[in-house]
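Following the hints, complete the assembly by docking chain B onto the known chain A.
There are 2 protein chains.
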Amino acid sequence: MLSTMQDGNLSIGTLLRHGSRVHAGSTVSTWTGDGARTTTFAEIGADAARLANALRGLGVTGDQRVATFMWNNAEHQTAYLAVPAMGAVLHTLNLRLFPDQLTYIANHAEDKVVIVDATVAPLLAKVLPTFQTVEHVIVANGPKDALQAPDGIQVHSWTELLAGQSADFDWPDVDERAAAAMCYTSGTTGNPKGVVYSHRSIWLHSMQVCMSDGLGLSPADTSLVIVPQFHAMSWGMPYAAFMCGASLVMPDRFLQPEPLLAMIEALKPTHSAAVPTIWQGVLAALEQNPRDISSLREVVVGGAACPPSMMHTFAEKYGVHIVHAWGMTETSPLGSVCRPPAGRSEEETWRYRYTQGRLPAGVRARLVGDDGAEVPWDGVSVGELEVRGPWITGSYYRLDEDGDGSEKFHDGWLRTGDVGTLTPDGFLTLTDRSKDIIKSGGEWISSVELENHVMAHPSVAEAAVIGVPDAKWDERPLVTVVLREGASATPEELRGFLADKVAKWQVPENWAFIPEVPKTSVGKFDKKVLRAQHAEGRLDVTHLD
Amino acid sequence: MLSTMQDGNLSIGTLLRHGSRVHAGSTVSTWTGDGARTTTFAEIGADAARLANALRGLGVTGDQRVATFMWNNAEHQTAYLAVPAMGAVLHTLNLRLFPDQLTYIANHAEDKVVIVDATVAPLLAKVLPTFQTVEHVIVANGPKDALQAPDGIQVHSWTELLAGQSADFDWPDVDERAAAAMCYTSGTTGNPKGVVYSHRSIWLHSMQVCMSDGLGLSPADTSLVIVPQFHAMSWGMPYAAFMCGASLVMPDRFLQPEPLLAMIEALKPTHSAAVPTIWQGVLAALEQNPRDISSLREVVVGGAACPPSMMHTFAEKYGVHIVHAWGMTETSPLGSVCRPPAGRSEEETWRYRYTQGRLPAGVRARLVGDDGAEVPWDGVSVGELEVRGPWITGSYYRLDEDGDGSEKFHDGWLRTGDVGTLTPDGFLTLTDRSKDIIKSGGEWISSVELENHVMAHPSVAEAAVIGVPDAKWDERPLVTVVLREGASATPEELRGFLADKVAKWQVPENWAFIPEVPKTSVGKFDKKVLRAQHAEGRLDVTHLD
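The listed protein sequences correspond, in order, to chains A and B.
Okay, so the first sequence: first residue is 1 according to the working numbering, each after it adds one.
Okay, so the second sequence: first residue is 1 according to the working numbering, each after it adds one.
For reference, chain A alone in the conformation it holds in the complex (with noise of 0.2 angstroms):
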């Protein structure tokens, strides 16, 4: 028995429309250094439809991708719209990305068009003439001479290209389960993977978003997108403003403290997203320099989790809630958002908040142990996360070249390769990164926990936990310090250093002082590099008894 329902699709037309009409008066405020300008969404949606109709006399047809490498702003915002609704597929290129990373993206991709931001325009130079498929790249806020491109590659300007055209298009009828967007993760592993958002993921996260127990975005907000619109597509924002109106701020290249205090002050904020690393960096500026940030009514964090600390100092002395979420661009990202229950006392309220956040509706997960058996949801079992849902990759974009990325899909659940808990009213902490967990003879031993304790004796800077074979008990922990400049430590002090703290059998035997640790592109530790190091015999081990 069918529904006698109508049979629309969900797409990106759909927000564009809606956007631009009911909320016509919403806007978008580009940051421009010592202030803003202001384009409403119905602005918007006339340069969408005069983008739209430049990309088609460009030759982009039927779902060939238009790339960007772009900071928040504008225009991101007008591709953000324009690309899909046309039936096209916007790729967003990640600008901090290694070169031989970006040539791999592009070329895997086959952009048939880049989208630059002029500034970034020397940045794009330098890889360009590697990128295989690329014919036209347009230089936005800034004259199309500060890209340098090799013969073959046309380069338009923005606003010359969009100046002759019109305002209206005929937007198609994409079908919903169609690609809208890729993004390819920033893998530590292997080539970077493409995943690929369809119309429907994109409308059904629009709306958890906008959900009191997702994000909770209205159209009485103005969101400051500190979340690169090339990372995860900015957590999703840009599209939920369109569905909802509410306004959005865009910083453009100013990311640094300061200026994003300006943007607070001057631009009245009710909402931000951004990692807590930016929030770290407010934070000390703000406590040396007092600006008035009371406009900002939540700030949501993702990507690592915000100490607790912090969170007391942005409630308790600025009045400003940070929720923490959890996401990964396999997840379009959201797939737990923190909303602690009502009624409970200030102290266990606290308590939920320092966790990843509750599971929505959209998002199904498990546990799974060691032994491939999923664990309970008592608060205390341990395993890998697995989730699934209508905005959950289920592959990689043409990854069969390089294999089937089948290790990362267990039985059509996406392995996160995220490890921790979940309580029996679906809240999740996580820990570690599963590769990270070290398995010493049956028992998992948390390398996150292990750092954090190390971090923690005055005479070090950093401190990198990984796993190192062992006859006995499979795997055994190997800690490199980094020691802070001008202290000393032995191993043997910092181990009993951490006999307090762990369980004796966690308790690392293997100590190795090294200069720095190796990061990856996006700053995080890249034990890939430590674990081939030590590998080769390259790092000067300390065994004790």
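It is worth saying that the hints were derived from the structure and are not from the lab.
Using N, Cα and C, we set each Cβ at its ideal position, and we do this for glycine too.
One or more hints might be untrue.
[Unchecked claim] Stretch-level coverage of chain A by chain B, calculated; a stretch enters the list once three of its residues show a Cβ under 8 angstroms from a Cβ in chain B:
| # | region |
| --- | --- |
| 1 | 15 to 28 |
| 2 | 170 to 179 |
| 3 | 331 to 343 |
| 4 | 382 to 395 |
| 5 | 455 to 463 |
What follows is chain B alone, placed relative to chain A:
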């Protein structure tokens, strides 16, 4: 290019699993007259499995219809989840329909099972002999002998039937476009028409209920659901609650102001939903006998516009925000919700609050004038509202047998039969039903506006205006008037009373005094009957020059 996203179904089964696990501790409290019985979402989940097992045992397979003839209570909530999740179709029968309408509906839907509350079993008993396809009746909340059933229909006790069943059920993966639930509209013309909701439409609508620009339902809420579960799926509250974890207070048969106030005081709901007349009664009772209703943050009204004076009294005296929403059975029902834009003056905010609200992204709208052309969104131009979207019906169930129902649709849009205006920012103001608009010499006259003016005369108890044929103007208004007991007034006097209230050409020349205005089963003016009486010459009309 297909996306890499997972392709799962949006289904009631996933809502049931999510709510009963992640929100296991949320509650459904059913009022018993002097208190409440409370059950958790986990227990509702277990009972849903027991009910599904029992229904399978009674032979329910495929998409057979299981009807309910029940108040709002925990058992009705259980049926809401179990029936669609097992793949069958929930059919909510309206307790207030006339017997011949119930007979028509149950036979048209081919209901196989009816679940009935013992307190309304006598009502069902009257019509049950005319139900041609029903094989089983399950009596809930009372002894099964509360129901006298004809031979051939087996009667079961809910409690006994569920007692022996397993609390596990292997819920099928149901196609999201399959039928989940159905509800017939109590139209004032022709037979009732069946709207069949899909799993997908209910899922998307539930998200909208939880969105900030929808009802904003959240895990921190407890909602007192006064709107019956047999009226437009209780405005989606039962499903939205399982999506976000909001607790529910169900009033069962206790819908009078005093017990409603007792529930609010005892169970402290934060949210509620009901038609304005309910709140009018609650307010009158509250003014006589003060109660603590401070737990309520917001109440949603729909079905009719709320008098501004009542909205102000609730806000200013009791701190309760009344939020207008517009919808109908055919729209799931959320079509618009009134969330005034931020940053406006108090006066302007109030003007927004009086409207029926703003269109969400899932509802596309247009206004169509008398000539079939779209009228502009200027807040002034009047047209019939037409809507489309993924939770809007595109047809009626098996209507081809009585006609194709095509007059209700227009190029894929639902003709709502409501007439009004839209502002440039998508706020809807409805003034009339299209069939109640009087088309006089190419201009439209609002019958509702005339009625409101006539009813303001001290001698008038009720007034209903219909359009009657006119040789010169096509149609002119006829005012039927019920005088207050002991009062008197002449047509001339009433016409004079309108002189400074409406445009001269709108002042009616046709008047008839009647003993009472005929009403529909839900208490609305039944103008169909008045038109028939006029056509048959049964009204004593005075025609003024």
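Here's how the hints hold up against the structure:
no.	hint	result
1	15 to 28	holds (count 9)
2	170 to 179	holds (count 3)
3	331 to 343	holds (count 3)
4	382 to 395	holds (count 8)
5	455 to 463	violated (count 0)
Consistency note: the structure conflicts with earlier hint 5 alone.
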